[in-house]
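S.K.: Letter by letter, the chains look like this.
2 protein chains.
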Amino acid sequence: MSILMDAYGNLLTDKQKNIMDLYYNCDLSLGEIAEHTDTTRQAVYDIIRRCHKILFQYEEKLSLAKQKMKLEEVKKNILRDLDLLENSSNEELVNNMKRYIVDNI
Amino acid sequence: MSILMDAYGNLLTDKQKNIMDLYYNCDLSLGEIAEHTDTTRQAVYDIIRRCHKILFQYEEKLSLAKQKMKLEEVKKNILRDLDLLENSSNEELVNNMKRYIVDNI
Numbered sequence: 001m002s003i004l005m006d007a008y009g010n011l012l013t014d015k016q017k018n019i020m021d022l023y024y025n026c027d028l029s030l031g032e033i034a035e036h037t038d039t040t041r042q043a044v045y046d047i048i049r050r051c052h053k054i055l056f057q058y059e060e061k062l063s064l065a066k067q068k069m070k071l072e073e074v075k076k077n078i079l080r081d082l083d084l085l086e087n088s089s090n091e092e093l094v095n096n097m098k099r100y101i102v103d104n105i
Numbered sequence: 001m002s003i004l005m006d007a008y009g010n011l012l013t014d015k016q017k018n019i020m021d022l023y024y025n026c027d028l029s030l031g032e033i034a035e036h037t038d039t040t041r042q043a044v045y046d047i048i049r050r051c052h053k054i055l056f057q058y059e060e061k062l063s064l065a066k067q068k069m070k071l072e073e074v075k076k077n078i079l080r081d082l083d084l085l086e087n088s089s090n091e092e093l094v095n096n097m098k099r100y101i102v103d104n105i
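Just so you know, the protein sequences line up as chains A and B, in that order.
Counting in this note's numbering, the first sequence runs from 1 upward without gaps.
Counting in this note's numbering, the second sequence runs from 1 upward without gaps.
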């Protein structure tokens, strides 16, 4: 949910973003958020459920979270290869890295 | 427009996508598209204008096109450094690459 919020949070309204932030980042309960935002527990619950739906719909169409996780893996792998390269440079490894970058980034 | 369509095309309706594709990729005129899709030239014009607005609004909020262009540059720079590395491996270059990757991907 945190990755989805990073990717699509800007597409939510300020109110939706605020409630999702209080729930997922500040770890408040539905009741505490209701009190904090001057609304009902049920309304907070409905907003969170609606946000889930919105975020998953965007992910289904744009796959940003999936791409982000893939890029993180690419980054990790490049850095790992560069660590190897630092100690024993060789042509094969460099060529593998190149292919990997071309195929993945 | 092509980068924006790549990034956010899936958020348009099939009809919108089709018209944008005919206009930008198949290079048809408004009149030709109107004939092809059994509608009026004005309707085609309005749809294209509306799509522009939608695509730019998404870009304003998600910056996918901007990120994509940045990643292309990162990729180009990594590949250029690897070319150098292939001929004369040295520690400084490898460390520069690492910093570059960590800061940019």
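FYI, nobody ran anything at the bench for these hints, they're computed from the structure.
There's no promise every hint is true.
[Stated by the list, open to error] Heads up, simulated BS3-like pairs for lysine-lysine below, C-alpha to C-alpha not over 25 Å straight-line:
1) B:Lys-68 with B:Lys-98
2) A:Lys-53 with A:Lys-15
3) A:Lys-61 with B:Lys-15
4) A:Lys-98 with B:Lys-70
5) A:Lys-70 with B:Lys-15
6) B:Lys-17 with B:Lys-53
7) A:Lys-98 with A:Lys-66
8) B:Lys-68 with A:Lys-61
9) A:Lys-53 with A:Lys-75
10) A:Lys-66 with B:Lys-61
11) B:Lys-76 with A:Lys-70
12) A:Lys-68 with B:Lys-15
13) A:Lys-75 with B:Lys-15
14) A:Lys-75 with B:Lys-17
15) A:Lys-61 with B:Lys-53
16) A:Lys-66 with B:Lys-75
17) A:Lys-17 with B:Lys-15
18) B:Lys-76 with A:Lys-53
S.K.: Please go over all the hints and tell whether each is borne out by the structure.
M.R.: Hints, verified against the model:
The hinted pair formed by Lys-68 (chain B) and Lys-98 (chain B) meets the criterion: a straight-line CA distance of about 20 Å does not exceed 25 Å. Distance check on the hinted pair: Lys-53 (chain A) and Lys-15 (chain A) sit about 16 Å apart at the alpha-carbon level, within 25 Å; holds. Of the pairs offered as hints, the one joining Lys-61 (chain A) and Lys-15 (chain B) holds, with about 16 Å between alpha carbons and a cut-off of 25 Å not exceeded. At roughly 18 Å between alpha-carbon atoms, Lys-98 (chain A) and Lys-70 (chain B) fall within 25 Å of each other, so this suggested pair holds.
Taking the CA atoms of Lys-70 (chain A) and Lys-15 (chain B), the gap is near 31 Å; set against the 25 Å cutoff, the hint is violated. The suggested pairing of Lys-17 (chain B) with Lys-53 (chain B) holds, with an alpha-carbon distance near 14 Å, which does not exceed 25 Å. For the suggested pair Lys-98 (chain A) and Lys-66 (chain A), the alpha carbons sit about 22 Å apart, so the restraint of at most 25 Å is met. Distance check on the hinted pair: Lys-68 (chain B) and Lys-61 (chain A) sit about 17 Å apart at the alpha-carbon level, within 25 Å; holds.
With a C-alpha separation of about 30 Å, the suggested pairing of Lys-53 (chain A) with Lys-75 (chain A) is violated against the 25 Å cut-off. In summary, the hint linking Lys-66 (chain A) to Lys-61 (chain B) is supported, as the alpha carbons are separated by about 19 Å, within the 25 Å threshold. A threshold of 25 Å between alpha carbons decides the hint, and for Lys-76 (chain B) with Lys-70 (chain A) the separation of about 19 Å falls inside it, so the pair holds. Taking the CA atoms of Lys-68 (chain A) and Lys-15 (chain B), the gap is near 29 Å; set against the 25 Å cutoff, the hint is violated.
Only pairs whose Cα atoms come within 25 Å are accepted, and Lys-75 (chain A) paired with Lys-15 (chain B) is rejected, the gap being roughly 38 Å. Taken as a hint, the Lys-75 (chain A) and Lys-17 (chain B) pair is broken in the structure, with Cα atoms around 33 Å apart against an allowance of 25 Å. For the given pair, Lys-61 (chain A) sits about 19 Å from Lys-53 (chain B) by alpha-carbon distance, which is consistent with the 25 Å threshold. Among the hinted pairs, Lys-66 (chain A) with Lys-75 (chain B) is consistent with the structure: their alpha-carbon atoms are about 19 Å apart, no more than 25 Å.
For the proposed pair Lys-17 (chain A) and Lys-15 (chain B), the alpha carbon gap of about 31 Å is over 25 Å, so the pair is violated. Pair hint Lys-76 (chain B) plus Lys-53 (chain A) does not hold up; C-alpha atoms about 37 Å apart against a cutoff of 25 Å.
Of the numbered hints listed earlier, those contradicted by the structure are 5, 9, 12, 13, 14, 17, 18.
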